[in-house]
Amino acid sequence: DAKTTQPPSMDCAEGRAANLPCNHSTISGNEYVYWYRQIHSQGPQYIIHGLKNNETNEMASLIITEDRKSSTLILPHATLRDTAVYYCIVRVAPISNFGNEKLTFGTGTRLTIIP
Amino acid sequence: ETGVTQTPRHLVMGMTNKKSLKCEQHLGHNAMYWYKQSAKKPLELMFVYNFKEQTENNSVPSRFSPECPNSSHLFLHLHTLQPEDSALYLCASSLSTGAYEQYFGPGTRLTVT
Numbered sequence: 001d002a003k004t005t006q007p008p009s010m011d012c013a014e015g016r017a018a019n020l021p022c023n024h025s026t027i028s029g030n031e032y033v034y035w036y037r038q039i040h041s042q043g044p045q046y047i048i049h050g051l052k053n054n055e056t057n058e059m060a061s062l063i064i065t066e067d068r069k070s071s072t073l074i075l076p077h078a079t080l081r082d083t084a085v086y087y088c089i090v091r092v093a094p095i096s097n098f099g100n101e102k103l104t105f106g107t108g109t110r111l112t113i114i115p
Numbered sequence: 001e002t003g004v005t006q007t008p009r010h011l012v013m014g015m016t017n018k019k020s021l022k023c024e025q026h027l028g029h030n031a032m033y034w035y036k037q038s039a040k041k042p043l044e045l046m047f048v049y050n051f052k053e054q055t056e057n058n059s060v061p062s063r064f065s066p067e068c069p070n071s072s073h074l075f076l077h078l079h080t081l082q083p084e085d086s087a088l089y090l091c092a093s094s095l096s097t098g099a100y101e102q103y104f105g106p107g108t109r110l111t112v113t
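If you read the protein sequences in the order shown, they are chains V and A. For the first sequence, position 113 (counting from the first letter as 1) is numbered 113 according to our numbering, and the numbering increases by one without interruption. For the second sequence, position 23 (counting from the first letter as 1) is numbered 23 according to our numbering, and the numbering increases by one without interruption.
It should be emphasised that the hints constitute simulated quantities derived from the structure, not laboratory data. Fair warning: this is a prediction, and the values are worked out from it, not measured in the lab. Be careful, since some hints might not be right.
Said to hold, decoys possible - Calculated cross-link-like contacts (lysine-lysine; reagent style DSS-like; alpha-carbon spacing at most 27 Å): (1) A:K18 to V:K69; (2) A:K19 to V:K3; (3) V:K52 to V:K69; (4) V:K102 to A:K22; (5) V:K3 to A:K22; (6) A:K19 to A:K40; (7) V:K3 to V:K102; (8) A:K52 to A:K19; (9) A:K41 to V:K102; (10) A:K40 to A:K22; (11) V:K69 to A:K41.
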């Protein structure tokens, strides 16, 4: 799987949009971009994933550049509960229910929401 | 609440003890995973089960022994552990190993003395 690069830490003011960048310059055509987050003392939580189109769900938006070499996770109105470590992961698209495409977590970005 | 529960939440054990970690999912998933998260290190995948069959053993020492009696339950049996095995052990499940989303439990914080 392609390697990802994220800043180790970021701050964001409460109520503002948090924009978390991720570089994945060696991504292949069949690899998806996933975002998970881990709030302190909890297990990771899936946020969103995408291939090449921008995606939005109730938690966040994912913007993927046209060349797919980088992406940005956007939390539109950050709250204190969004303080967590955010992981950007690139993973080969599963081809069946028996696919063995692993999630490989890096060190992520520690996002701190400031009151 | 993700639908994946783990017990115990905290465990302290000596190096000569035998203990087991339990994971249960109430989501109707067919794939289950054990991950290890040590201090200052990324999550490491340990074992994968898909439809009760082990499909991945990520070079885990034999002092860790997984068991998956059915698709809803996953155990990690521990014996003669070392202090460096102290970590947060996380269980996850997904519809299958080919599914996009994994659901994680809260983890068991293990301390080996």
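Pairwise hint evaluation, A:K41 against V:K69, where the allowed Cα distance is 27 Å at most: holds (25 Å)
Given the hinted pair A:K41 and V:K102, is their Cα-Cα distance within 27 Å? holds (18 Å)
Are the Cα atoms of A:K52 and A:K19 separated by 27 Å or less? This hinted pair holds, its Cα atoms lying about 22 Å apart.
Satisfaction of hint between V:K69 and A:K18, Cα-Cα up to 27 Å: Status violated; Cα separation ~47 Å.
Is the hinted pair V:K3 and V:K102 satisfied, with a Cα-Cα distance of at most 27 Å? Holds, at about 13 Å.
Quickly compare the C-alpha distance for A:K19 and A:K40 to 27 Å and report which way the hint goes. holds (25 Å)
Are A:K19 and V:K3 close enough, with their CA atoms no more than 27 Å apart? Violated, at about 36 Å.
V:K102 paired with A:K22 [C-alpha distance capped at 27 Å]: holds (22 Å)
Please verify whether V:K52 and V:K69 have alpha carbons no more than 27 Å apart. Holds, at about 10 Å.
Regarding the pair V:K3 and A:K22, is the alpha-carbon distance no greater than 27 Å? violated (32 Å)
Keeping to a limit of 27 Å between CA atoms, is the pair of A:K40 and A:K22 held or broken? holds (25 Å)
Hint violations for this structure: numbers 1, 2 and 5, all remaining hints satisfied.
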